[in-house]
Structures are given as C-alpha cells and as structure tokens.
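Go ahead and model the full structure; you've got the sequences and the hints to work with.
From first to last, the protein sequence lines stand for chains A and B. Under the numbering used here, think of the first position of the first sequence as 87, with each following residue one higher. Under the numbering used here, think of the first position of the second sequence as 87, with each following residue one higher.
Some hints could be false.
Note: identical chains are not told apart, hence a pair may lie in one copy or across any two.
What the hints assert, rightly or not - 27 Å max Cα-Cα, derived DSS-like pairs, lysine-lysine: (1) Lys243 with Lys264; (2) Lys120 with Lys243; (3) Lys264 with Lys104; (4) Lys159 with Lys120.
Source of the hints: derived by calculation from the structure; they are not laboratory data. On a predicted model such as this, the values are computed, not experimentally measured, just so you know.
Protein chains: 2
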Amino acid sequence: MPLTAPDAGIRESERAMKELGACGVQIVTNVNGKPLDRPEFEPFFARMAALGITVWVHPTRTAKTPDYASEDKSLYEIWWTFGWSYDTAAFMARMVFSKTLDKYPDLKLIVHHFGGIVPMLEGRIGPGWDQIGARTSDADYHSLLKSLKKRPLSYFKEDFYADTAVFTSDAATELGMKFYPLEKIVFASDCPFDPEKGTMYIRETIRIIDALDLTKEQRDQVYYKNLERITGKTFVNQGARATSAV
Amino acid sequence: MPLTAPDAGIRESERAMKELGACGVQIVTNVNGKPLDRPEFEPFFARMAALGITVWVHPTRTAKTPDYASEDKSLYEIWWTFGWSYDTAAFMARMVFSKTLDKYPDLKLIVHHFGGIVPMLEGRIGPGWDQIGARTSDADYHSLLKSLKKRPLSYFKEDFYADTAVFTSDAATELGMKFYPLEKIVFASDCPFDPEKGTMYIRETIRIIDALDLTKEQRDQVYYKNLERITGKTFVNQGARATSAV
Numbered sequence: 087m088p089l090t091a092p093d094a095g096i097r098e099s100e101r102a103m104k105e106l107g108a109c110g111v112q113i114v115t116n117v118n119g120k121p122l123d124r125p126e127f128e129p130f131f132a133r134m135a136a137l138g139i140t141v142w143v144h145p146t147r148t149a150k151t152p153d154y155a156s157e158d159k160s161l162y163e164i165w166w167t168f169g170w171s172y173d174t175a176a177f178m179a180r181m182v183f184s185k186t187l188d189k190y191p192d193l194k195l196i197v198h199h200f201g202g203i204v205p206m207l208e209g210r211i212g213p214g215w216d217q218i219g220a221r222t223s224d225a226d227y228h229s230l231l232k233s234l235k236k237r238p239l240s241y242f243k244e245d246f247y248a249d250t251a252v253f254t255s256d257a258a259t260e261l262g263m264k265f266y267p268l269e270k271i272v273f274a275s276d277c278p279f280d281p282e283k284g285t286m287y288i289r290e291t292i293r294i295i296d297a298l299d300l301t302k303e304q305r306d307q308v309y310y311k312n313l314e315r316i317t318g319k320t321f322v323n324q325g326a327r328a329t330s331a332v
Numbered sequence: 087m088p089l090t091a092p093d094a095g096i097r098e099s100e101r102a103m104k105e106l107g108a109c110g111v112q113i114v115t116n117v118n119g120k121p122l123d124r125p126e127f128e129p130f131f132a133r134m135a136a137l138g139i140t141v142w143v144h145p146t147r148t149a150k151t152p153d154y155a156s157e158d159k160s161l162y163e164i165w166w167t168f169g170w171s172y173d174t175a176a177f178m179a180r181m182v183f184s185k186t187l188d189k190y191p192d193l194k195l196i197v198h199h200f201g202g203i204v205p206m207l208e209g210r211i212g213p214g215w216d217q218i219g220a221r222t223s224d225a226d227y228h229s230l231l232k233s234l235k236k237r238p239l240s241y242f243k244e245d246f247y248a249d250t251a252v253f254t255s256d257a258a259t260e261l262g263m264k265f266y267p268l269e270k271i272v273f274a275s276d277c278p279f280d281p282e283k284g285t286m287y288i289r290e291t292i293r294i295i296d297a298l299d300l301t302k303e304q305r306d307q308v309y310y311k312n313l314e315r316i317t318g319k320t321f322v323n324q325g326a327r328a329t330s331a332v
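Laid out in structure tokens, this is it:
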C-alpha cells in the first residue's frame with residue numbers, strides 16, 4: 087500500500103479488503119525516506135486499527151543508503167543483508183517510542199524476518215534501553231521512558247506479530263520462536279528468493295519448524311491458525327485440515 | 087588505537103605491546119566515517135598480522151548518523167541499540183569482501199557483542215550472500231564471489247573471534263555460542279554499562295555461561311583459555327586456577 091498519499095492509501099486499503107477480498111495490506115518501513123511515525127501517517131494506522139486490518143511490514147532500502155559517511159553508496163549488498171534488518175528494527179522502535187502502539191493497542195503489525203535483528207539484540211533493547219537517556223543530552227528521554235505504558239522490550243515482544251522467514255537458519259528460527267509468544271508467530275519463507283528460485287526456502291523452513299520441540303497444535307498455530315485468527319480469514323480448507331490432522 | 091594517522095597507529099601498537107605489556111590493541115569500526123578496508127589502513131592490518139597482535143574491534147556511531155533520509159540525526163538512541171551492531175556487521179563484511187582476510191589469514195580480530203547482528207542473520211549471510219550480485223547491476227559481484235577463497239558465511243564463522251557481551255540475553259548468548267566455534271569465543275560483559283553501573287552484566291553473563299551445556303574445560307576456554315591462547319598472555323594465576331578447578 088503506497089503511503090506517499092496517505093489518504094489514498096487508506097482508501098485503497100479499504101477497497102482491497104472489502105471489494106477484492108485481501109486478507110491484509112503491506113507497507114514498507116519508510117516512505118521516501120520518511121519514518122512511519124510522522125503525523126501524516128497516523129490516520130493510516132488509526133484506520134487500520136479501527137477496521138482491524140492486518141498490516142504486513144516489509145523492509146526497504148537500496149544501495150543508495152551508504153554504510154559509511156565517506157561513501158555515497160552501500161557496497162557488497164550490505165544494504166540488503168544487514169540494512170533491511172536494521173530498517174525493520176528501526177521501524178519497530180519508532181512505533182514504540184512515538185507511542186503509536188500505546189495509542190493504537192489494537193493495531194495488527196506483522197514484521198518480516200522475525201523482526202530482523204531484534205531477537206538477537208534483546209539485551210540492548212532490554213537493559214540497554216531501560217537506560218535510554220544515559221547516552222543523550224539534547225532530548226529528555228528519561229521522561230519519555232517514564233511516560234510509556236510499559237518497558238521498551240515488552241513492546242517488541244508483545245505488540246508485534248512476526249513471520250518466520252529467516253533464510254533457512256535453524257538457530258535464528260529457534261531464537262525468533264523464543265523471543266515472540268507463539269500466538270504472535272506466522273509462517274513465511276521468502277519464496278521465491280532462494281538459490282533454487284522458489285523451492286528451497288519453503289521446504290527448508292517447513293523442515294526447521296517441524297524439527298522444533300512443538301506439539302502439532304502449536305505447529306499448526308504457526309503454519310496457519312495464528313494468521314486465520316489475526317485476519318479472520320480461512321486459509322486451509324476442511325479436506326486439507328483432515329489430512330493435516332493425520 | 088587511533089588510525090587517523092595509520093603509521094602512527096602502527097608505531098603506538100608496537101610500543102604498547104613491547105614496552106607497556108598490552109595484550110592487544112583496540113580499534114573502532116570506522117575512522118572518521120572511512121571503512122577499514124581502505125588501502126591506507128592495510129599496512130596496519132598487515133603489521134598486526136605479522137606481529138601476531140590481537141585487535142579488538144569496537145563499534146562506533148553517534149546520533150549524527152540518521153536512520154532515515156529525511157532526518158538529520160538518529161532518534162531514541164537507535165544509533166546505539168541497533169547502529170553499533172550494524173556497524174560491527176558491516177566491518178566484518180568489508181573485511182571479507184575486500185579480501186583482507188584472504189590476504190592476512192593470521193589476522194586476529196575479536197568482534198564485540200558476538201559480532202552484533204551477525205549470528206541472527208546467518209540465513210541472509212549464507213544463502214542470501216551466496217547469491218551476491220543478483221541484486222546489483224553496476225558491480226561484478228559474481229566474479230568477486232568466485233574469487234573468494236571460501237563461501238562468505240564461512241569467513242564470518244571461522245575468521246573472527248567474538249566476545250560474549252550481549253547484555254544478559256540468554257537466547258543471544260546461546261545463538262552466539264552456536265554460530266562461532268568454541269575456540270573463537272572469549273568472555274566479555276560490557277562492564278560497567280549496566281543499570282547497576284558495573285556489577286550486573288558481569289554477574290549475569292557468568293550466570294548465563296555457567297548455565298550452558300558445556301564441560302568445565304569448555305567454559306574455561308571461554309572464560310580465559312582462548313584469550314590466553316590468542317594473546318600468548320597469562321590472565322589467571324595458579325592460585326586462582328586451583329580454586330577455579332574445584
């Protein structure tokens with residue numbers, strides 16, 4: 087959903103849901119370089135929350151974002167490998183500290199790739215951001231921290247949904263599954279962007295999730311039941327459910 | 087070790103080792119915005135490799151690095167929470183793709199915080215960067231990939247040492263321990279930058295490592311034996327070793 091014209095983005099979201107049968111809408115982590123906690127985007131989030139529309143958040147960045155002040159572009163696709171994950175984490179932080187999540191607790195945001203780098207940085211987000219303000223002299227982050235409804239880390243764990251697309255890393259999947267509550271996790275594989283051009287990430291992501299220490303009911307939550315609950319849609323037909331129950 | 091004048095940085099490193107009894111030197115992930123794979127820094131790495139000097143790499147970034155193109159600074163200390171970890175990962179990538187590690191295989195680089203976000207992004211660094219070039223049209227990354235001595239992910243896992251400072255995250259510690267070979271991991275706690283101002287990160291990092299499924303010998307590797315092997319120094323005296331063996 088392009089948000090360059092936020093009012094049009096709202097209208098198109100409503101049309102997609104009501105007339106086209108969409109199960110949610112997708113946005114990207116910035117709009118032409120603008121963070122999504124700007125006032126101009128608030129009506130979009132307000133409307134999505136009011137209508138219960140699920141919003142899937144995909145990172146966006148190109149080589150034009152340099153990694154070093156002395157350079158004018160990012161080399162070696164670092165912008166993709168690390169940058170996309172950074173942008174997902176920054177989006178989540180801005181939703182927390184702008185109090186967008188406090189204001190719209192019913193907002194349903196699904197972050198891609200288990201929230202990128204967020205699960206690995208639990209310690210920085212936790213004890214690190216419990217001390218927000220200690221590294222800043224030109225803004226009153228102490229007061230901001232006190233005015234939040236809960237600890238920063240709690241928002242990251244409890245107020246987002248996250249998908250499982252981590253490019254066949256067993257360890258990252260385990261970490262993501264530990265970081266978010268099970269009812270917040272939805273299946274995704276990043277198909278078709280794998281070396282086989284479509285089959286590998288689906289096959290391997292299923293293999294990894296099947297190998298986790300989960301009951302069948304818990305696995306089914308991740309595979310489709312959580313997404314059905316979040317979106318109110320049915321993704322698995324009764325025949326498939328019967329087979330899946332075997 | 088300031089590298090704004092790389093030749094002076096080399097001389098001071100040698101002096102610190104020979105005359106002052108240092109066990110290694112510290113550098114930061116960029117020098118006034120310049121990446122460390124620039125030709126001007128190569129003599130430093132060449133000399134550190136030749137002399138076997140251990141180089142500990144600390145991230146550096148301030149609020150002056152914005153997170154969005156429309157802003158002129160980073161808000162909410164995102165530059166610290168996410169930016170430092172990003173910069174560590176970018177440093178590692180530049181050492182790999184510039185072939186600095188191919189050229190100086192004996193270089194001993196210890197990256198802080200388990201390499202920041204690197205362990206969580208194993209899938210992007212692995213299958214993702216196995217396809218480097220697929221997202222780029224203005225550079226020949228296919229040829230670069232072929233010219234590397236091994237798979238990009240292998241450098242990240244095998245060619246760096248990493249320390250354990252992840253701010254009391256059990257899950258991040260487990261992930262870091264899985265990502266790097268045990269002989270590459272050295273203890274660190276980020277003391278004194280915890281909410282208690284010094285005691286918490288040491289106490290909790292020891293608690294977390296003690297709770298891992300490791301033998302006493304393996305734990306001792308992490309606590310001091312790896313660092314003794316890397317640096318050729320002795321950090322634990324015989325009395326303490328006897329106590330530690332109980």
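Verification of the supplied hints:
1. Lys243 with Lys264: Result: close both inside a copy and across copies, 10 Å intra and 23 Å inter.
2. Lys120 with Lys243: Within. Shortest intra-copy distance 25 Å satisfies the 27 Å Cα cut-off; inter-copy 35 Å does not.
3. Lys264 with Lys104: neither (36 Å within a copy, 47 Å between copies)
4. Lys159 with Lys120: both (19 Å within a copy, 13 Å between copies)
In summary, the one numbered hint that this structure violates is 3.
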